[in-house]
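Visitor: If you want the building blocks of each chain, they are given just below.
2 protein chains.
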Amino acid sequence: MLLEETVEKIGPLDEEAMKTARRRMDSLIKPPGSLGRLEELAVQLAGIQGRTLPEYGRRAVILMAGDHGVVAEGVSAAPREVTYQMLSAFTGGVAGISVLARMAGADLVVVDIGVARPVDIPGVLSLKVREGTGNIAVGPAMTREEAVRALEVGIRVALDTINGGCGLLATGDMGIGNTTPSSAILASLAGIPAEEATGRGTMVNDRVLERKVWAVKEAVRINRPDPGDGIDVVAKVGGLEIAGLAGVILGSASRRVPVVIDGFISGAAAMIACAIKDGAREYIIPSHLSGEKGHRYMLDHLRLRPLLHLDMRLGEGTGAVLAMGIVEAACRIMREMASFDQAGVSDLEGDKLHK
Amino acid sequence: MLLEETVEKIGPLDEEAMKTARRRMDSLIKPPGSLGRLEELAVQLAGIQGRTLPEYGRRAVILMAGDHGVVAEGVSAAPREVTYQMLSAFTGGVAGISVLARMAGADLVVVDIGVARPVDIPGVLSLKVREGTGNIAVGPAMTREEAVRALEVGIRVALDTINGGCGLLATGDMGIGNTTPSSAILASLAGIPAEEATGRGTMVNDRVLERKVWAVKEAVRINRPDPGDGIDVVAKVGGLEIAGLAGVILGSASRRVPVVIDGFISGAAAMIACAIKDGAREYIIPSHLSGEKGHRYMLDHLRLRPLLHLDMRLGEGTGAVLAMGIVEAACRIMREMASFDQAGVSDLEGDKLHK
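Which chain is which? The protein sequence lines are R and S, in order. Residues 117 to 471 in our numbering are what the first sequence lists, from first letter to last. Residues 117 to 471 in our numbering are what the second sequence lists, from first letter to last.
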């Protein structure tokens, strides 16, 4: 119900606001286009928010944590309990995302959507759908009904965060083993061969990488996810945190709030969100190009170009919060720069310009 | 004298601090290397500052403004008076760099080092070496003595800014026509053909571009700058603000303070600084890849990889101050994240890792 309602609310960008935003951008004291992607971003934000001068303000990164049955196949170098152990590091302020969110002035919302043991940690939202997924190399990750519940958890957290006053969201993930289902989603939805879709994750060796490729192939072969049905794909070969983050993206788009996506896992979530509702894409802001091999295929599929090239591959939302500064910069340029007229600066000579 | 003293003070990075920094970085709760270039940057900063935990703190962007005789050849789409007109926009808080420096928490230091008319604007430092350069398509930009004075102006401003409490500098430029001398510097020092070294600047059309290529060729042919002598190159085919910014880089390196360079003009200044003292390179932090055609050759020559890919080509230091957030992020990661031991998180299984 909530999922359907949310998807129905996702409309197109405001063309009128984008037109006036583009006009204002070209009037500012700089050669037209010289602020490059900051200009495009400001115009996109105007279209999302439906106003010429986009606002920045309170922001949050929503970090969804879940476990993965496929770790039984030995696809990760980290023990499964690390998913649980990291929760206290997130809330304690000492994990990578805690540090970078604090710097970005972003609230960190940590959600247990599918950790494989009971979680009772102050500051962690308990919205568990089930204790970890099934092993996708031998069967589905979860039922369709569970996938819908996970999507709706994400939607609800996004809406609550927006209702709490945030106007910019970011996605982050924690889940040992979650590059494997993300590769399976990439293989299913973009038709990328498992060998290309699968990378080294936490930097596993060739033996483990071979095992991952095998698991991705098996996941697709056995479960036969329907590429025309995003819910089917995330239910059969995905993960609980991935479905949750897809919900965050849909919820954010339904409220006309921009959402910055992190790397490979968030990219898989964005693919699911766009498979469910293609128009969600317009509300997504890419952040970095991950060091994880398949990420560039994901961004190509989503027709998004990364802003940062930092070879990061940590997840947690670390790349997304770093890019929040770029989003704020785009808003500020539009709001705070003067026009040629206002500043008394001579305009460029049109006959010398490349059209 | 000041130039020689400064160059002599530029020493190598602190290997011991870099070693302990690398060790600490690998102990933090993340797969080794997973924060990519943030990790490299943190280690570089440790080597620059000579301490395991690099500090971030007050920061400033130094913007040098100067005019160019070569505009007489019709190489720019902007009238020359714009160099002067923009000064009030910088100090008035309404130019691109004003907005982005404010956001980054950076002081904006505006210096008249060579504007082609008297300047008396509160907030602009008057350190003019001469009123604009000569036309490099027909003769030298300035004398060798003037080039040394311009370099020393940059050194002095950098040292004053550092003495005032800043621990991180950035370079910015203003000077109508200054992509032409920057291309001539690139052609001279890296041996890049004028056609490849010269781009559209403020997005000039084919006719003006041809004129620029011609001017770059003439500048090199007539002046015969010595690629083994950075001072000779900047005197003959450079600019006053370019020499000033090269001085800022040398001054910063001499005090073991990292300096973030902006795009094409700052890149030319960095080439000059490194031609004068190769070791200055270790103190430079690249920011963005400019939309200006020759910039990638500059960064290749300097063996620097850009952090941001935003197609910006405004100058003023706009890309450099955006990257200051990345520098702060690198410091904070090193200072504020916990180690596996501290956080009680299980380490990765070594037998599964790629070495």
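Treat the hints as calculated values from the structure; they're not laboratory data. Misleading hints may appear alongside valid ones.
Pairs involving identical chains hold if they fit within one copy or between any two copies, as the list cannot separate such chains.
[Unchecked claim] Each computed PhoX-like pair below joins lysine-lysine, with the alpha-carbon atoms no more than 20 Å apart:
| id | residue 1 | residue 2 |
| --- | --- | --- |
| 1 | Lys-409 | Lys-468 |
| 2 | Lys-125 | Lys-393 |
| 3 | Lys-393 | Lys-468 |
| 4 | Lys-135 | Lys-393 |
| 5 | Lys-409 | Lys-333 |
| 6 | Lys-135 | Lys-333 |
| 7 | Lys-135 | Lys-471 |
| 8 | Lys-393 | Lys-471 |
| 9 | Lys-393 | Lys-333 |
| 10 | Lys-409 | Lys-125 |
| 11 | Lys-471 | Lys-409 |
Visitor: If a hint holds in the structure, say so; if it doesn't, say that too.
Guide: To see whether the hints hold, each was checked on the structure:
In this assembly of identical chains, Lys-409 and Lys-468 lie within 20 Å of each other by CA distance solely across copies; the values are 18 Å between and 44 Å within a copy. When the C-alpha separation of Lys-125 and Lys-393 is checked against a cutoff of 20 Å, the pair qualifies only within one copy, where the shortest distance is 10 Å, while the shortest distance between copies is 60 Å. Taking the shortest Cα distances, Lys-393 and Lys-468 never come within 20 Å of each other, neither inside one copy (44 Å) nor across copies (38 Å). Proximity of Lys-135 to Lys-393 under the C-alpha cut-off of 20 Å is found in neither arrangement, the shortest distances being 25 Å within a copy and 49 Å between copies.
Within a single copy, Lys-409 and Lys-333 get their C-alpha atoms as close as 16 Å, which meets the 20 Å cut-off; across copies the closest is 43 Å, which misses it. Proximity of Lys-135 to Lys-333 under the C-alpha cut-off of 20 Å is found in neither arrangement, the shortest distances being 46 Å within a copy and 42 Å between copies. For the homomeric pair Lys-135 and Lys-471, the shortest alpha-carbon distance inside one copy (19 Å) is at most 20 Å, but the shortest distance between copies (52 Å) is not. For the homomeric pair Lys-393 and Lys-471, neither the shortest alpha-carbon distance inside one copy (36 Å) nor that between copies (41 Å) is at most 20 Å.
Proximity of Lys-393 and Lys-333 under a CA criterion of 20 Å is satisfied in neither setting, with 26 Å inside one chain copy and 55 Å between copies. Taking CA atoms no more than 20 Å apart as the test, Lys-409 paired with Lys-125 passes in neither setting, with 34 Å inside one copy and 43 Å between copies. Taking identical chains as interchangeable, the C-alpha atoms of Lys-471 and Lys-409 lie at most 20 Å apart only when they sit on different chains, with a minimum of 17 Å there against 38 Å within one chain.
The structure is inconsistent with the numbered hints 3, 4, 6, 8, 9 and 10, although it conforms to all the rest.
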